[in-house]
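Protein chains: 2
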Amino acid sequence: MRAVDIIGVGITKFGKYIEKSLVELGGRVAIEAIKDAGIKPSQINAGFFANMQAGSLFSDFTIGQNVFWQAGINRVPVFNVENACTSGSSAFNLAWMGVASGAYDMAMVLGAEKLNVPNLGLMQSGTTELDTLEGMVVPVSFAMRANLHMATYGTTKEQLAMVAVKNRRHAGLNPLAQFRDPITVEDVLNAPMIADPLTRLSCCPNADGAAAVVLCASELSRRYTSRPVRVAASVLVTGSYQNPCNLAQWDADKRASSMAYEKAGLGPEDLDVVECHDAFTISEILHYEGIGLCPEGEGGRFVESGATSLGGKIPVNLSGGLLSKGHPIGATAVAQIIEGVRQLRGEAGSLQVEGAKVFLAECMGADKAGDVKTCTVNILIN
Amino acid sequence: MRAVDIIGVGITKFGKYIEKSLVELGGRVAIEAIKDAGIKPSQINAGFFANMQAGSLFSDFTIGQNVFWQAGINRVPVFNVENACTSGSSAFNLAWMGVASGAYDMAMVLGAEKLNVPNLGLMQSGTTELDTLEGMVVPVSFAMRANLHMATYGTTKEQLAMVAVKNRRHAGLNPLAQFRDPITVEDVLNAPMIADPLTRLSCCPNADGAAAVVLCASELSRRYTSRPVRVAASVLVTGSYQNPCNLAQWDADKRASSMAYEKAGLGPEDLDVVECHDAFTISEILHYEGIGLCPEGEGGRFVESGATSLGGKIPVNLSGGLLSKGHPIGATAVAQIIEGVRQLRGEAGSLQVEGAKVFLAECMGADKAGDVKTCTVNILIN
Numbered sequence: 000m001r002a003v004d005i006i007g008v009g010i011t012k013f014g015k016y017i018e019k020s021l022v023e024l025g026g027r028v029a030i031e032a033i034k035d036a037g038i039k040p041s042q043i044n045a046g047f048f049a050n051m052q053a054g055s056l057f058s059d060f061t062i063g064q065n066v067f068w069q070a071g072i073n074r075v076p077v078f079n080v081e082n083a084c085t086s087g088s089s090a091f092n093l094a095w096m097g098v099a100s101g102a103y104d105m106a107m108v109l110g111a112e113k114l115n116v117p118n119l120g121l122m123q124s125g126t127t128e129l130d131t132l133e134g135m136v137v138p139v140s141f142a143m144r145a146n147l148h149m150a151t152y153g154t155t156k157e158q159l160a161m162v163a164v165k166n167r168r169h170a171g172l173n174p175l176a177q178f179r180d181p182i183t184v185e186d187v188l189n190a191p192m193i194a195d196p197l198t199r200l201s202c203c204p205n206a207d208g209a210a211a212v213v214l215c216a217s218e219l220s221r222r223y224t225s226r227p228v229r230v231a232a233s234v235l236v237t238g239s240y241q242n243p244c245n246l247a248q249w250d251a252d253k254r255a256s257s258m259a260y261e262k263a264g265l266g267p268e269d270l271d272v273v274e275c276h277d278a279f280t281i282s283e284i285l286h287y288e289g290i291g292l293c294p295e296g297e298g299g300r301f302v303e304s305g306a307t308s309l310g311g312k313i314p315v316n317l318s319g320g321l322l323s324k325g326h327p328i329g330a331t332a333v334a335q336i337i338e339g340v341r342q343l344r345g346e347a348g349s350l351q352v353e354g355a356k357v358f359l360a361e362c363m364g365a366d367k368a369g370d371v372k373t374c375t376v377n378i379l380i381n
Numbered sequence: 000m001r002a003v004d005i006i007g008v009g010i011t012k013f014g015k016y017i018e019k020s021l022v023e024l025g026g027r028v029a030i031e032a033i034k035d036a037g038i039k040p041s042q043i044n045a046g047f048f049a050n051m052q053a054g055s056l057f058s059d060f061t062i063g064q065n066v067f068w069q070a071g072i073n074r075v076p077v078f079n080v081e082n083a084c085t086s087g088s089s090a091f092n093l094a095w096m097g098v099a100s101g102a103y104d105m106a107m108v109l110g111a112e113k114l115n116v117p118n119l120g121l122m123q124s125g126t127t128e129l130d131t132l133e134g135m136v137v138p139v140s141f142a143m144r145a146n147l148h149m150a151t152y153g154t155t156k157e158q159l160a161m162v163a164v165k166n167r168r169h170a171g172l173n174p175l176a177q178f179r180d181p182i183t184v185e186d187v188l189n190a191p192m193i194a195d196p197l198t199r200l201s202c203c204p205n206a207d208g209a210a211a212v213v214l215c216a217s218e219l220s221r222r223y224t225s226r227p228v229r230v231a232a233s234v235l236v237t238g239s240y241q242n243p244c245n246l247a248q249w250d251a252d253k254r255a256s257s258m259a260y261e262k263a264g265l266g267p268e269d270l271d272v273v274e275c276h277d278a279f280t281i282s283e284i285l286h287y288e289g290i291g292l293c294p295e296g297e298g299g300r301f302v303e304s305g306a307t308s309l310g311g312k313i314p315v316n317l318s319g320g321l322l323s324k325g326h327p328i329g330a331t332a333v334a335q336i337i338e339g340v341r342q343l344r345g346e347a348g349s350l351q352v353e354g355a356k357v358f359l360a361e362c363m364g365a366d367k368a369g370d371v372k373t374c375t376v377n378i379l380i381n
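If you read the protein sequences in the order shown, they are chains R and B. Numbering of the first sequence is given in numbering that gives the first Met the number 0, commencing with residue 0 and proceeding in unit increments. Numbering of the second sequence is given in numbering that gives the first Met the number 0, commencing with residue 0 and proceeding in unit increments.
In isolation and in its complexed conformation, chain R is listed as follows:
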């Protein structure tokens, strides 16, 4: 397997695009990524499209082909990939494998989603599962994890809220984030309750958006760019489904990050910037522990210490995270990777971490009652 670089990126602001189609949003970032890479559309050998809802909302089951066509990417293999919240990073993993294997020299990963549509309904909530019918939907299962974390490790509601406050503070510096006005711990605690202790400001909002990256064999990438970003590891695992002994810990993020660290020859102490899957405030705290940023049970105190804020020991979710950007499902994990590319290229503006050299993106896909289906960890270096 040969080395693979990212040579181009394109992304929309996340938010409401009532009058734009998925094809329009996706086509735009494809063109932007091609321009950024300094290539022609015809140089892309394969397209990997990530999306979750186009089939159910728009009856379009080969939408990736339509999107790539908008950017002049045509006749080459195109795959439509779905893996819940990790759809984008699953498509990235496949594209990486395609280029690493030598099957393709250059591939595009494009994630796009439209969630601001009428009659969206309750996503991911199966109609036949007993636990779902009994009320065990996604926010509830995360609230249970939060309560257990609080009871087991002494994590406080205020610490949970600090995740949302920190990410909103970061979002204030990111013009592509959906919600950018600062919020306080009190704002989070006093927001409408969704599932105790998670209030509306503890849960990521919906969004529309699209994001694309161009992957290229490293042996070729300097032909196109002077600042390629290397994919040091791309790992995808599926959750165990077993009832873990401790619901306040996941195992999928631990396994995926361990495998990624080993492949990259790095450890958590080497990381300069992290984007992780903060679908809920408790998620980010659990992922701190899962990917080894702090010891088990210390996540709440870790965010309170400021370690994961801009200027801290290991800034997490400088983009604003899902909590401030919103969560356009297919685009989310591709956007995380783009944040890393910007940091490693030194293009992150007022969010730049000085001399950033190692970036990690973690994303997790849960379904129905919060069962972990997929966890991805990608490590980028420059």
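If you are wondering where the hints come from, they were derived from the structure by calculation, not from laboratory data. Hints may contain errors.
No copy is singled out in the list; a pair is fine if it fits within one copy or between any two copies.
Pairs of lysine to aspartate or glutamate, DMTMM-like flavour, derived with a Cα cap of 25 Å [to be verified]:
id, residue 1, residue 2
1, 262, 104
2, 12, 218
3, 34, 269
4, 262, 218
5, 262, 18
6, 312, 31
7, 156, 23
8, 19, 133
9, 15, 269
10, 39, 250
11, 356, 180
12, 253, 104
13, 34, 195
14, 39, 180
15, 156, 261
16, 312, 23
Chain B: place on chain R using the hints.
Positioned in the frame of chain R, the structure of chain B alone reads:
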């Protein structure tokens, strides 16, 4: 890229499974394929799941994980892949790439679909496209191609009907086919008209079903089986979208098969058995020409000659094809490959082609108004 073998297969009869879930159907063939391969579930390093409708019909967006879990395949990477009618062969192509690249030693491809559900609605028919609103839905676009083929090349309605008659005759020998009672040319011509000249017996029926194959690096496959089947070529292309000069010919099947022949070092004259995508009778005739079984325009006369019947020069769709088996979308292209495995293993019973050594499966995914989105060609040898 290293060589890849198929070492195990599992398949359901295609038909109506009103009371069985997708997970149940899929789990069953996964277990069957594992047994057939003589391996343990824990030896599968990755799962590629093909399905089109689970998201829109059942709100399940990571159903592959559920299906593989039924068979004890857990914790490893699982990808949910969609590409309309070629969903199964797209998943196969990715799994082949995963094993060929060295990323995985063993992978399972599993396609499953349930179409016998209430309120299925009109699949693939976008609500916003002008051409769809004007009536240009899938059977209509294929009827136009049929009329043009008849006008251009002298193909007759009777020749079109002979495709359905032949495939039904084959289906009579295949206990897994949905419709097995023999039909005549008159039956086809007198069936209710769908889109002139295509009657109901000229169009493939819906079906539920599932199919799975286990892929293994060739260097390891003899540890598990004495009769591995080699993947000589796996090719996927996307259609051109351009209005071709001649609507009575596709270009995607030509391109995909040319690439596959080149990779396999073979030509159409070397084929012993073919499964092709007979969604409509005209489709099979067009694909004869596209994959080079007969010259352009000769497809109608080719089927009439008996060349593609059991015992003929190059038997096509011995399984009964989509026209007799039905078309459980995610499962269809995986099932085609399984027909090839059976032939090359010499296990095809009364449908066996004596000494079959080279098999080709072709599948095409169209959407909306019959635009070609994807075409796959897989060549298997023993």
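Checked hints:
Taking the shortest alpha-carbon separations for residue 262 and residue 104, both the intra-copy value of 22 Å and the inter-copy value of 17 Å come in at or below 25 Å. Taking the shortest alpha-carbon separations for residue 12 and residue 218, neither the intra-copy value of 32 Å nor the inter-copy value of 48 Å comes in at or below 25 Å. In this homomeric assembly, residue 34 and residue 269 never come within 25 Å of each other (Cα to Cα): the closest approach is 32 Å inside a single copy and 45 Å across copies. For a Cα distance limit of 25 Å, the shortest separation of residue 262 from residue 218 qualifies both inside one copy, at 19 Å, and across copies, at 24 Å.
Taking the shortest alpha-carbon separations for residue 262 and residue 18, neither the intra-copy value of 43 Å nor the inter-copy value of 45 Å comes in at or below 25 Å. For a Cα distance limit of 25 Å, the shortest separation of residue 312 from residue 31 qualifies neither inside one copy, at 33 Å, nor across copies, at 52 Å. Taking the shortest Cα distances, residue 156 and residue 23 never come within 25 Å of each other, neither inside one copy (41 Å) nor across copies (42 Å). Proximity of residue 19 to residue 133 under the C-alpha cut-off of 25 Å is restricted to the inter-copy arrangement: shortest distance 23 Å between copies versus 37 Å within a copy.
In this homomeric assembly, residue 15 and residue 269 never come within 25 Å of each other (Cα to Cα): the closest approach is 37 Å inside a single copy and 55 Å across copies. In this assembly of identical chains, residue 39 and residue 250 lie within 25 Å of each other by CA distance solely across copies; the values are 23 Å between and 42 Å within a copy. Within a single copy, residue 356 and residue 180 get their C-alpha atoms no closer than 30 Å, and across copies no closer than 67 Å, so neither meets the 25 Å cut-off. Taking the shortest alpha-carbon separations for residue 253 and residue 104, only the inter-copy value of 23 Å comes in at or below 25 Å, while the best intra-copy value is 31 Å.
Taking identical chains as interchangeable, the C-alpha atoms of residue 34 and residue 195 are never at most 25 Å apart, the minima being 46 Å within one chain and 47 Å between chains. Taking the shortest alpha-carbon separations for residue 39 and residue 180, neither the intra-copy value of 39 Å nor the inter-copy value of 54 Å comes in at or below 25 Å. In this assembly of identical chains, the alpha carbons of residue 156 and residue 261 never lie at most 25 Å apart, being 35 Å within a copy and 63 Å across copies at closest. Proximity of residue 312 to residue 23 under the C-alpha cut-off of 25 Å is found in neither arrangement, the shortest distances being 39 Å within a copy and 49 Å between copies.
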